[in-house]
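S.K.: Protein chains in written order, with this note's numbering: chain A, 88 to 205; chain B, 682 to 1087.
Since the hints were derived computationally from the structure, they do not count as laboratory data.
Take these hints with a grain of salt, some might be off.
What the hints assert, rightly or not - To give a feel for the contact side, a few chain B residues facing chain A, derived at Cβ under 8 angstroms:
#1 His-1026
#2 Asp-1027
#3 Thr-1030
#4 Gly-1054
#5 Ala-1057
#6 Thr-1068
#7 Leu-1086
The structure displayed is predicted, hence computed values, not measured ones.
Beta carbons are placed, not taken as given, at the ideal position from N, Cα and C, and that holds for glycine.
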Amino acid sequence: MSPYEEVILDHWKNPRNKGRLSDPDLVGVEVNPLCGDAVRLELKVADGKVADVRFDGHGCAISQAAASLLTELIQGRTLAELREMKDEELLSALGGVIQTRLNCALLPLRALRKALKS
Amino acid sequence: MMDLAKLRADFPILGRLENGKPLIYLDSAATSQKPIQVIETEARFYREQNANVRRGVYLLSHEATELYEAARRMVAEFLGARAEEIVFTRGTTEGLNLAAWALGETRVSLGDRIIVTEMEHHANILPWQELARRKGAELLAVPITEGGHLDLSAFRKMLNRRTKVVALAHVSNVLGTINPVGEIAEEAHRVGAVVVVDAAQSVPHMPVSVKELGADVLAFSGHKMLGPTGIGVLWAKSELLEEWPPFLTGGEMIREVWLDRAVWADPPAKFEAGTPPIAQAIGLAAAVEYLAGIGMPTVNAHGRELTALALEGLQTRSFVEIYGPRDPKERGALVSFNLKGLHPHDVATLLDQEGICIRAGHHCAQPLHRRLGIPASCRASFYLYNTREEVEAFLAALDRVWEALR
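Just chain A, with the same shape it has in the complex (with noise of 0.2 angstroms):
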């Protein structure tokens, strides 16, 4: 059985980034009330840039390994740039995500869009 890709697998399996950061800048929390789907996202900025990042959540395998690999996906990356970031982006680097479940891999970026504008 193989319908989800192997790297939403590996990310549910092994999340990278999980935990919190002790002094965030930035943080965006997003909860699907429906399904009990939640993430929160913590940034640590320097120059303008992700100088460091961290996930926390529970949820779908989807959500919480769309969370883990977003991490990796803005680290480095500046502001400006992640505001400009777009929903096919982290589709993409999630192989494809499955059409009746795009609302749990776009949770943790509307986490992102949240921390961006607090």
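Let chain A serve as the given structure and place chain B on it in line with the hints.
M.R.: Showing chain B alone in chain A's frame:
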């Protein structure tokens, strides 16, 4: 005994593929599939018999009216009720809203008590919650035990002289629990309360006689019992239907109308304002005829057999957590569960890749899930067209889901 292969041939959708695999449909508690007899009956109505009811003097309208009223008689007979006690609605939700609104107009006032249960579908909580808010009444919920039954001693303590309504599910859409409606109704009646039953998960699956059940009001949907969407049934004792004011007003529900007043038609027409779901009612009658042809005891036994098989298989898997009673005799034809540490949406998505459709989510019962301490659950539900092989395929697929995501 049913000839399952022959029966399954009546359901055209069972021949389709889901994600390239033969469809294994285990979500009949959400909506059932439809046999060709129902599909053709509804289509034939539109092809050959369509006209509005209760208003035309021409033959075609007369025939449509006859079919519509025959559908009502057939539903009445199915429930052991009288035709004038059968109100056609859009579904269970509308029936429960109608009952809550009408009871609010006639029975519930400031300081009165309404009792529901922790295991209700939102459709049997929110109408009462709104009623309590409008009237300044209090809303209490009977708690559930660890075993997934209603806590009857807590219920008895809640009952008082100010209790005007007790509303409960006949069969829980999550736990599967069959509630002792008769026992509850007897106690509720002792304080003069009206007993309202959400029968959405019982009437499709087991013999239900309103005379034997002991309730005063009962609502269910056509689409969960092989019928079309958009049609439901509200049964209520005649004295209540006489007493209640109409929920919706407009065409077809009146005797006389002046600009400043009106005289309502007798029940059930009083509660069927506007053009009713005519084709859907006739389709529902075809569904009732189909189920009655097999026999509800047979339908019930088949559902119980599959539920027992599923329960047994789930219980042997240490990574599965089951909700509700363990004894299949205490259950409707459904099982809710979780794979430890996995989100139900992942389980349902992976099963779907194998052609297996189950429900995942809160099943419109958030308070119950909160009580169980989980955000959501998986639910497999069974009906007369499901086979033992399908249940076994579902169980085997769960092992693969667990291997993939654990």
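S.K.: Hint by hint, note whether the structure agrees.
M.R.: Hints, one by one, checked against the model:
1. Hint on His-1026 (chain B) holds. Least Cβ distance to chain A is approximately 5 angstroms, under the 8 angstroms limit.
2. A hinted interface residue such as Asp-1027 (chain B) counts as satisfied when its beta carbon comes closer than 8 angstroms to some beta carbon of chain A; here the least separation is about 5 angstroms, so the hint holds.
3. Contact between Thr-1030 (chain B) and chain A, as hinted, is supported at the beta carbon level, the nearest pair being about 6 angstroms apart and thus within 8 angstroms.
4. Interface hint status for Gly-1054 (chain B): violated, as the beta-carbon distance to the closest one in chain A is roughly 11 angstroms, over 8 angstroms.
5. Checking Ala-1057 (chain B) against chain A: minimum C-beta separation of about 6 angstroms stays under 8 angstroms; hint holds.
6. A distance limit of 8 angstroms between C-beta atoms decides the matter here; for Thr-1068 (chain B) the minimum to chain A is near 22 angstroms, and the interface restraint is violated.
7. Taking 8 angstroms as the C-beta cut-off, the interface hint given for Leu-1086 (chain B) holds, the closest approach to chain A being about 6 angstroms.
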